[in-house]
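Student: Next come the chains, spelled out residue by residue.
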Amino acid sequence: MKVVVDLSSCDLHGLCVEAAPEVFEIADDGALRLLNETPPDDLRAKVDKAVRECPTGAISIIE
Amino acid sequence: MAQAIRRVTIVGASLAGLRAAETLRRHGYDGALTLIGDERHRPYDRPPLSKQLLLGTWTPEQTFFRQKDGYEPLALDLRLGVPATSLDLRGRRVTLADGTWADYDRLIIATGARVRTLPGIAPRPGLLVLRTLDDAVALREALTTATRVAVVGMGFIGLEVAAACRSRGVGVVAIESLPVPLAPIVGPTLGETLLAMHADHGVEVRTGVTVTGIYGEPRVAGVALSDGSRVDADVVVVGIGVVPNTEWLESSGLPLDNGVVCNGSGEAAPGVYAAGDVARMANVWYGEAPRIEHWTNAVEQGVHVAEQMLGSADAAPSFSSVPYFWSDQYDRKIQFVGRARPHDEMVVVDGSTAERRLTALYRRGDRVVACLTVNQPRALIKYRKLLASHPSWDTALSDISAT
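The listed protein sequences correspond, in order, to chains A and B.
Mind the numbering: the first sequence is residues 1 to 63 in our numbering, read in order.
Mind the numbering: the second sequence is residues 1 to 403 in our numbering, read in order.
Heads up, simulated DSSO-like pairs for lysine-lysine below, C-alpha to C-alpha not over 27 Å straight-line:
| hint | chain 1 | residue 1 | chain 2 | residue 2 |
| --- | --- | --- | --- | --- |
| 1 | A | Lys2 | A | Lys46 |
| 2 | A | Lys49 | B | Lys68 |
| 3 | B | Lys68 | A | Lys2 |
| 4 | A | Lys49 | B | Lys51 |
| 5 | A | Lys46 | B | Lys385 |
| 6 | B | Lys68 | B | Lys51 |
| 7 | A | Lys49 | B | Lys385 |
| 8 | A | Lys49 | B | Lys333 |
| 9 | B | Lys333 | B | Lys51 |
| 10 | B | Lys385 | B | Lys333 |
| 11 | A | Lys2 | A | Lys49 |
These aren't lab readings, by the way, just hints derived from the structure by calculation.
Remember, predicted model here, so these are calculated numbers, not experimental data.
Isolated chain B (complex conformation) (with noise of 0.2 Å):
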């Protein structure tokens, strides 16, 4: 099969695009490979955005997974700055916005996500979101002069805007619906565990409350809440979670339902593969197709997508992987490895919320599902290694006790 395969079309030019064209190279796939994306920029590295590029310390350039000359070895066809425009699945044919096409006869979907933004709300300067290296660059620049941000949103993304414009010494409010932040994902406990250590770095903190409207015209002036008050503020920083880029897609016949709906191959139909934030690919670990954002996750169903194609003899039968991220604030890095659910029971098994140096594990019934640590980089590799096997919550904790 691997033979027929001649020309091998990308839409998606981030990571999980990316590592798909390099493990189809590393296979020895010698055929046509085109790789397309809607940035100008070359691919290039997000979590560093939210991070080293906001705090100064990194140039855009460090972003970069690869420099100009190191493309040569992979011969693309790299078409960047064009967004797709449609899928013809019966021709075979990806449309593009300036009026070209890329044919194909395999075809990887990864074009990723978008910010999602408030409802009803015009762009106007100093209103900011953080997805793209343009986005971030903008938000450097704003940072350089603001005096105080408001973070609307305080998921992972919102609260590192929160961390490094305090590293800053800007002045940040953030703002969330929930009572307690991210407690869907990491159980109410250690939501106020993050918010306390926000509020310790000095940012003011308004829980429980939506945005109504953006003050301010033509720039940027604060923010009114649901409670009637109004925050004062110079930039308005948006990150109220992201949404798939299958607009392109709405025409083709493909299954979309809050992404790219695939098999646990990756394929959405015959010779079509997605992988990355777009894809909803069957996972065996996690029981379902889920929508997954995280950059371990990218790299995952980029490879897998590609060793499908070929039919590598290194290619998994069906995709099965625990969903890993990280989110680093001021000095704690925060890890997080399986799936929780709202009422999953947490125990904390090493360290203290106190100390903000802890292993907290989740449970349902007597199986571990999950692992958070905060700077303790050793256990959750550990419970990473574990989690893959649904270890019952007796194993764990002899785990725990033999080291």
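Pulled out of the complex, with its shape left as it was, chain A reads as follows (with noise of 0.2 Å):
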């Protein structure tokens, strides 16, 4: 999978962080960074959560 984050939107709250670490993070200039652009499968389930619970939307996995 391929995990694609329109920073414009992302407002911070930061959800995804705690729902895939791996994956996301609050970088040290207080922007979103992807770790990884392209997570292993297992990481899956917690992409999707990420996906589901942020707030606008900013997440989107393409296959």
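Build the complex: two chains, separate frames, hints provided.
Tutor: And the structure:
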């Protein structure tokens, strides 16, 4: 899977960081950073959780 | 058990209901799935209504969770614009206002809540509320010609409406019955801070007074207050809370008490679940079964009941969640996680009320029970994670010094 974040709609709620810390982090400059754009399939459930919990719908998965 | 489920009906087509439907399909449920909504719109997102939509930066279409073709993969029987009117538990049937019905072998109740209105005040032009997309569109339209808006109730919705009005250059008088708005939720000190922020943006603030009447016939002309004064306004927006939509369940026999009372699986009766604003779901973290009206809660409970129903491997044994909400007002993002009670001690641990950029922790005994941030999203993320384990005060403070 490929993960895409629309940084213009990211509102820094950070729920994705909790759901999938292997994939998302808030960097030192305060912006969201994608640690792994193509996470392995065993992280699928975590990334799905990040997608559905994002209050601004900023995260999508491209198969 | 999962194989036995062939017909799931979800009543309520907002966030909790939609997330429940999505979760059922994601876990492979391939039986009939009916989603019933009382509004004519496709499911839409509420937080932008009092923010981007009122400000005019978003169109109504931008609030839809999915566009029309986005529903095809969910294979729903989507019935919009038709409220449910009763539930027959024994016959496993939901009856709808148009005389049709939906049978089920599992039911999810996600009918949400509706606005509370001023008692004894008849509806009239210019007297508005904000809960639905239609409400927001009507309010936005009214703001294009309004010169002075009276906002009744300085809860988070009222404050966001006030902020949107000021950002559009519309005059605002904000009226609140408490001496300090939001004091029961954020405490008196930070309630004062929010109040001062609005005053600095030109909101005329009237606290410690209630509305005794509305002037103007047929159109609103102002508000009468309990101190005998009168506030002139060409638009009045009432934001005094919501009540759960449970009337349609009254004859069903389900346990109702300020919402549908359910256990940690979200079950209110065998095979009948509730989620979102209408639900009072037992919450391990919280220690009781609160009714919570936050966005994140609707997502978590919608997912939870779907996974419980299917007996999914991902399913947590019992619902446990730290409540979280946010509010955008002017250039400030206010975020709150946990649960503070009126007598909890509040300590600003970073920033200050003067700069209106801060992190505050709430303390009960030696435990941290909640965190509020203003424009400090990273701190909020840190404390949301920490709060899940009911941290001690010392643990939380050492966590600060460690970063």
